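Q: Protein sequence lines correspond, in order, to chains A and B.
Residues are numbered in the numbering used here as their position in the first sequence, beginning at 1, plus a constant of 178.
Residues are numbered in the numbering used here as their position in the second sequence, beginning at 1, plus a constant of 310.
The hints are simulated quantities; they were obtained by calculation from the structure and are not laboratory data.
Heads up, a few of these hints could be off.
DEER-style ranges, computed between Cβ atoms [claimed, not checked]:
id : chain 1 : residue 1 : chain 2 : residue 2 : range
1  : B       : Arg546    : A       : Ala404    : 53 to 61 Å
2  : A       : Ala292    : B       : Pro339    : 51 to 59 Å
3  : B       : Leu471    : A       : Ala404    : 48 to 56 Å
4  : A       : Arg294    : B       : Pro339    : 51 to 59 Å
5  : A       : Ser210    : B       : Arg392    : 42 to 50 Å
6  : A       : Ala334    : B       : Val538    : 45 to 53 Å
7  : B       : Arg483    : A       : Pro245    : 47 to 55 Å
8  : A       : Ala194    : B       : Pro396    : 29 to 37 Å
9  : B       : Val371    : A       : Gly240    : 44 to 52 Å
10 : B       : Arg392    : A       : Ser220    : 34 to 42 Å
11 : B       : Leu357    : A       : Arg270    : 45 to 53 Å
12 : A       : Arg350    : B       : Val538    : 49 to 57 Å
13 : A       : Arg350    : B       : Arg546    : 38 to 46 Å
Stretch by stretch, here's where chain B covers chain A in the computed footprint (C-beta under 8 Å, at least three residues) [stated by the list, open to error]:
id : stretch
14 : 240 to 253
15 : 256 to 262
Only a predicted model underlies this, so the values are computations on that prediction, with no experimental measurement involved.
Heads up, the beta-carbon is just placed ideally off N, CA and C, and yes, glycines get one too.
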Amino acid sequence: MRLEVEITGKTFKSVAGGTHEVLAPVKFALQSGEVGVLIGPSGCGKSTMLRIILGLDRDFAGRIARPPEARIGMVFQEPRLLPWRSVEQNVRLAAPDITDAKLSELFRILELEAHRSHFPGELSLGLARRVALARAFAVEPDLLVLDEPLASLDDALAGRLRDEIATLVASRPIMTLLVTHSLDDAIRLGDRLFVLSARPARIVQEVPIAVPRAARTEAELGRIRAELAAVQLESK
Amino acid sequence: MLRLLSFALFLAIWWIAALFVGGAKLPSPPAVLNVIVAEASSGALFLHLGATLARVILAFVLAMSLGSAIGYLMGRVKLADRLGDPWLILLLNLPALVVIVLAYIWAGLTEAAAIAAIAINKLPTAIVTLREGTRALDRSLDEMAAVFAMPRWRAFRHVVLPQLAPYIAASARSGLSLVWKIVLVAELLGRPNGVGFEIGVAFQLFDTPRLLAYSLTFAAVVLVIETVLVQPFEARATRWRPRAA
Numbered sequence: 179m180r181l182e183v184e185i186t187g188k189t190f191k192s193v194a195g196g197t198h199e200v201l202a203p204v205k206f207a208l209q210s211g212e213v214g215v216l217i218g219p220s221g222c223g224k225s226t227m228l229r230i231i232l233g234l235d236r237d238f239a240g241r242i243a244r245p246p247e248a249r250i251g252m253v254f255q256e257p258r259l260l261p262w263r264s265v266e267q268n269v270r271l272a273a274p275d276i277t278d279a280k281l282s283e284l285f286r287i288l289e290l291e292a293h294r295s296h297f298p299g300e301l302s303l304g305l306a307r308r309v310a311l312a313r314a315f316a317v318e319p320d321l322l323v324l325d326e327p328l329a330s331l332d333d334a335l336a337g338r339l340r341d342e343i344a345t346l347v348a349s350r351p352i353m354t355l356l357v358t359h360s361l362d363d364a365i366r367l368g369d370r371l372f373v374l375s376a377r378p379a380r381i382v383q384e385v386p387i388a389v390p391r392a393a394r395t396e397a398e399l400g401r402i403r404a405e406l407a408a409v410q411l412e413s414k
Numbered sequence: 311m312l313r314l315l316s317f318a319l320f321l322a323i324w325w326i327a328a329l330f331v332g333g334a335k336l337p338s339p340p341a342v343l344n345v346i347v348a349e350a351s352s353g354a355l356f357l358h359l360g361a362t363l364a365r366v367i368l369a370f371v372l373a374m375s376l377g378s379a380i381g382y383l384m385g386r387v388k389l390a391d392r393l394g395d396p397w398l399i400l401l402l403n404l405p406a407l408v409v410i411v412l413a414y415i416w417a418g419l420t421e422a423a424a425i426a427a428i429a430i431n432k433l434p435t436a437i438v439t440l441r442e443g444t445r446a447l448d449r450s451l452d453e454m455a456a457v458f459a460m461p462r463w464r465a466f467r468h469v470v471l472p473q474l475a476p477y478i479a480a481s482a483r484s485g486l487s488l489v490w491k492i493v494l495v496a497e498l499l500g501r502p503n504g505v506g507f508e509i510g511v512a513f514q515l516f517d518t519p520r521l522l523a524y525s526l527t528f529a530a531v532v533l534v535i536e537t538v539l540v541q542p543f544e545a546r547a548t549r550w551r552p553r554a555a
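Please take these sequences and the hints and turn them into a complete structure.
A: Dropping the structure here:
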């Protein structure tokens, strides 16, 4: 399975009447088993790009090729849970075919067992984020899209959730697209980084990371970080 | 307990006022109770209450289901909103009496005419409320349902309907009170039974105890339906909301 993105442009009309270019031409592809990371400054058009890739926004120039049968699991920037359904119902509604065993396993990994029957309004943001992750994984997606899944969490929790994402991604051959502005998340999770410019976004550089995720030591991460810093300096 | 106290206070004020005004204009509570008991034992009370209740239920269900569907459509589809809006404004501002009289002229003094007239009076407010509810739907949850490829019905039932529930409850509540009011007018003008008909008869005979007997039992029925049906539905529809401390 393969995702091909070829956007030639996206503009949007503001209320004041002006036209703004949100995306410059952007082209990249993602294979099964790969984690692609879109990394760029806030407001550069990453979320717009995601909406186009997910088929939520059809008003753009270019084309997106993803297998029509591909199941999508998505973690939005805000958890976007149904406040009137319990945690378990939220997950089951997105993934009605999930077996009890698989659901229990997922809740165990994400430490949500105690919260199954809680309503989202009773959860902290960190917990709600985990429920959103559980929901995305429960559908056993072919394409997993994570939009800033760790934003506004404290470092310790973000770190743990990042490890959990890594575990889950490794457990199945899926295409994963992660959007982040955190360099740390990008180099710890990604196989291929797409460094985006400020708005209108274009890909400044594509950086493959050859070292497998599990083998990335702190020294290795430092090296990649330095490499990226050089890239970003060049692009300025 | 507090409710009982406020009810007792109401009775006391009524009784005292009756003593001052005199039995012909304002009969005392026992006098009215006597009429209620007499009407109940002859069966007439239940016949008329039943007839009114049946009309209320039919008109209410008709107006709510039709109004909700139209309101949802107008909230979702811009074209429907543009086309329907002038009609809506017209219906909203049309006096109930005009609708009832016209219905009786056009369709005769029939049951169908009465129920249709009552339903038409309730319809526009249901549409307006549900249109507002639909406009306020959270698009981000729609997107979530779309991304997770939820089938239409499941998305409607679990994503859309719970968001509309408070609007449906509000519309049901205001609608029920509107229907209670209008049904009596419709009965007074063109039906041979029902609480409205009885009140018309009492008016012609200046029979105040009878008038109060029917109005008060009717009010009691309204109160019971509000507490037993409408309020629990509202509570259920909003049970996921964190309670105010």
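Q: Could you run down the list of hints and mark each one as holding or not?
A: Going through the hints against the structure:
no.: 1; hint: B:Arg546 x A:Ala404: 53 to 61 Å; verdict: holds (59 Å)
no.: 2; hint: A:Ala292 x B:Pro339: 51 to 59 Å; verdict: holds (57 Å)
no.: 3; hint: B:Leu471 x A:Ala404: 48 to 56 Å; verdict: holds (54 Å)
no.: 4; hint: A:Arg294 x B:Pro339: 51 to 59 Å; verdict: holds (55 Å)
no.: 5; hint: A:Ser210 x B:Arg392: 42 to 50 Å; verdict: holds (47 Å)
no.: 6; hint: A:Ala334 x B:Val538: 45 to 53 Å; verdict: holds (52 Å)
no.: 7; hint: B:Arg483 x A:Pro245: 47 to 55 Å; verdict: holds (49 Å)
no.: 8; hint: A:Ala194 x B:Pro396: 29 to 37 Å; verdict: holds (31 Å)
no.: 9; hint: B:Val371 x A:Gly240: 44 to 52 Å; verdict: holds (50 Å)
no.: 10; hint: B:Arg392 x A:Ser220: 34 to 42 Å; verdict: holds (38 Å)
no.: 11; hint: B:Leu357 x A:Arg270: 45 to 53 Å; verdict: holds (50 Å)
no.: 12; hint: A:Arg350 x B:Val538: 49 to 57 Å; verdict: holds (52 Å)
no.: 13; hint: A:Arg350 x B:Arg546: 38 to 46 Å; verdict: holds (39 Å)
no.: 14; hint: 240 to 253; verdict: holds (count 4)
no.: 15; hint: 256 to 262; verdict: holds (count 5)
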